[in-house]
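Listed in order, the protein sequences are those of chains A and B.
The first sequence maps to residues 16 to 308 in the numbering used here.
The second sequence maps to residues 16 to 308 in the numbering used here.
Don't take each hint at face value.
The list makes no distinction among identical chains, and a pair is therefore deemed to hold if it is satisfied within one copy or across any two copies.
To be verified - With a straight-line Cα cutoff of 27 Å, these simulated DSS-like cross-link-like pairs (lysine-lysine) come out:
{"no.": "1", "residue 1": "K38", "residue 2": "K306"}
{"no.": "2", "residue 1": "K306", "residue 2": "K238"}
{"no.": "3", "residue 1": "K167", "residue 2": "K38"}
{"no.": "4", "residue 1": "K118", "residue 2": "K306"}
{"no.": "5", "residue 1": "K122", "residue 2": "K238"}
{"no.": "6", "residue 1": "K167", "residue 2": "K122"}
{"no.": "7", "residue 1": "K137", "residue 2": "K118"}
{"no.": "8", "residue 1": "K38", "residue 2": "K238"}
{"no.": "9", "residue 1": "K38", "residue 2": "K241"}
{"no.": "10", "residue 1": "K118", "residue 2": "K307"}
{"no.": "11", "residue 1": "K122", "residue 2": "K241"}
{"no.": "12", "residue 1": "K127", "residue 2": "K307"}
{"no.": "13", "residue 1": "K137", "residue 2": "K307"}
{"no.": "14", "residue 1": "K241", "residue 2": "K306"}
{"no.": "15", "residue 1": "K118", "residue 2": "K241"}
{"no.": "16", "residue 1": "K127", "residue 2": "K238"}
{"no.": "17", "residue 1": "K307", "residue 2": "K238"}
{"no.": "18", "residue 1": "K167", "residue 2": "K127"}
{"no.": "19", "residue 1": "K167", "residue 2": "K241"}
{"no.": "20", "residue 1": "K127", "residue 2": "K241"}
{"no.": "21", "residue 1": "K167", "residue 2": "K118"}
{"no.": "22", "residue 1": "K307", "residue 2": "K122"}
These aren't lab readings, by the way, just hints derived from the structure by calculation.
2 protein chains.
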Amino acid sequence: MRAGFVVVGGLLSLAAAPPKYIKPTDIVDAAPASVWRAIPDDDLLVIDMQSGGRVVIQLAPSFAPVHVANIKAFARSDHWSGAGVYRVQDNYVAQWGNADTEKPSPKGVNDKPPAEYWRPLKGLQVTPLGFPDSYAPAAGFSGGWPVAVNAKAGWASLTHCYGAVGVARGLAPDVGSGSELYTIIGTPPRQLDRNITIVGRVIEGIENLNTLQRGTEALGFYKDPKTYVPIAQVRIAADIPVAERPRFEYMDTSSPSFARYKAARGHRRDEFYETSALGADLCNVPVPVRKKS
Amino acid sequence: MRAGFVVVGGLLSLAAAPPKYIKPTDIVDAAPASVWRAIPDDDLLVIDMQSGGRVVIQLAPSFAPVHVANIKAFARSDHWSGAGVYRVQDNYVAQWGNADTEKPSPKGVNDKPPAEYWRPLKGLQVTPLGFPDSYAPAAGFSGGWPVAVNAKAGWASLTHCYGAVGVARGLAPDVGSGSELYTIIGTPPRQLDRNITIVGRVIEGIENLNTLQRGTEALGFYKDPKTYVPIAQVRIAADIPVAERPRFEYMDTSSPSFARYKAARGHRRDEFYETSALGADLCNVPVPVRKKS
């Protein structure tokens, strides 16, 4: 039983004055302007669906520079005109791109990119999660990203949390160019970490992907190309007229505000929670991201 | 680098004969009939949506006997006629029931049930997950359910994995009767464990809930009751004519097949995976459930 509560006849009742509760969202709302970092306009991939919905993806050039450069080249050459979502597998991924065409890559694309499955830990500042990780020796946050870390082996990798965007590929040794992408729409499939290049994360509009009908074929592929969900255009925010340009910022994961937020996510204690967990999983401590006013 | 692979010019190539790969799905497909356990017809809640979709929930009377009895009484008294889905919060929950009515409970319902947030560990056979848990001292499986365990304190609880079904409630000490239920549609919010009564899990048709439009109000509530997604009928499978009755079975989580499946989920190694993780999170080892032929 938790302090502040007493057991009366098997039911819980509030005893005396409640303790001072603090919710993770309160910490985010109260965070000073100084802990928010603008996402560069050049790192925002803006996907407008033909339905009118918009999906915004923050790219991660510090983890996957070659693939992110490819993706910018694809976006800037209209490579994805005629593309669509062709795979939605429940509790796993939604995937899009040019499914059934062998469209040649535009100039500037590296068709044989290296496997950017992890990067050297050296040069990264990592704030530890503070709780154990099921998949890697350690987990934490770096530059606003949730990362898995092996200090001994010297690597850090992005992680397959909800909304993570990765590069679809065939069987190894295929790596994928970035022309076909997926995002995670369910339980974090962290077994994919270090087996696929993660290039970013969805920061707005994931419901335009995860509410789509699940595909009926194996692995959630859509059977009939006529049912692919069409993408109207894909742009980099920096190329959108300033007045219409979407802007976002994330909480500095090395800030005191984030440290408090992380602790509160790991030890919930407010009017709703009676019992705190021992901690929290990396993917259950989502880095706060918000529209920039 | 993994055995069987050599690095050639920065790309991975297969060297000599490939090792014998085994996928989790191969283990499930090859499992003998003896490891499958029928789910009792009386423990299946069958929700038919007005749209034609069907959601099937396996109830967990061994963990929440009073709430499960309530739910059966609600279903058998047509309590949910006129009910609908009134809340869908992205990466969190879809929730349904009689939202805006104070419909009196039918006979047989305990309106003040105990908080069935956990149960005594005593009497349960638990197969350990074998990997650490972020939320509890230990995790494992019992009678086909993913559970969190504290051996020292002597409790076991069901867990908020994808598809888990819980009893919506107000602030503590409210417990909820079971007339309003939710299911998890994103990252497992395991902080809810031992703060809410879990009564079962969705085993079929979760896409009838998780593809619904996200609510625009705080916490994903729908603004306009006219947009609630109507439920046509809710029945217990045992009350459905035998010829039309849905039947399911789950893999015995104490069986050798499940042990192999669990190990394979924790250490992926096949044509797709080049690098195995250290283990797997409890919720990323979903207990195999299938239609009974």
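Right, here's what the structure says about each hint:
1. K38 x K306: Within. Shortest intra-copy distance 21 Å satisfies the 27 Å Cα cut-off; inter-copy 42 Å does not.
2. K306 x K238: between (37 Å within a copy, 23 Å between copies)
3. K167 x K38: neither (35 Å within a copy, 29 Å between copies)
4. K118 x K306: neither (35 Å within a copy, 41 Å between copies)
5. K122 x K238: Neither way: K122 and K238 sit 32 Å apart in one copy and 48 Å across, limit 27 Å.
6. K167 x K122: neither (39 Å within a copy, 63 Å between copies)
7. K137 x K118: neither (38 Å within a copy, 62 Å between copies)
8. K38 x K238: between (45 Å within a copy, 24 Å between copies)
9. K38 x K241: neither (46 Å within a copy, 32 Å between copies)
10. K118 x K307: Neither way: K118 and K307 sit 36 Å apart in one copy and 44 Å across, limit 27 Å.
11. K122 x K241: The answer is neither: 29 Å in one copy and 51 Å across copies each exceed 27 Å.
12. K127 x K307: Close neither inside one copy (36 Å) nor across copies (46 Å); limit 27 Å.
13. K137 x K307: neither (31 Å within a copy, 53 Å between copies)
14. K241 x K306: neither (35 Å within a copy, 30 Å between copies)
15. K118 x K241: within (19 Å within a copy, 46 Å between copies)
16. K127 x K238: Neither: 29 Å inside a copy, 49 Å across copies.
17. K307 x K238: Between copies, since 26 Å is at most 27 Å while 40 Å is not.
18. K167 x K127: For K167 and K127, the Cα distance exceeds 27 Å both inside one copy (29 Å) and across copies (54 Å).
19. K167 x K241: Classified as neither: same-chain Cα gap 50 Å, cross-chain 57 Å, threshold 27 Å.
20. K127 x K241: neither (30 Å within a copy, 52 Å between copies)
21. K167 x K118: Neither way: K167 and K118 sit 42 Å apart in one copy and 61 Å across, limit 27 Å.
22. K307 x K122: Answer is neither; intra-copy 33 Å and inter-copy 54 Å both fail.
Of the hints listed earlier, those the structure fails to meet are numbers 3, 4, 5, 6, 7, 9, 10, 11, 12, 13, 14, 16, 18, 19, 20, 21 and 22, in rising order.
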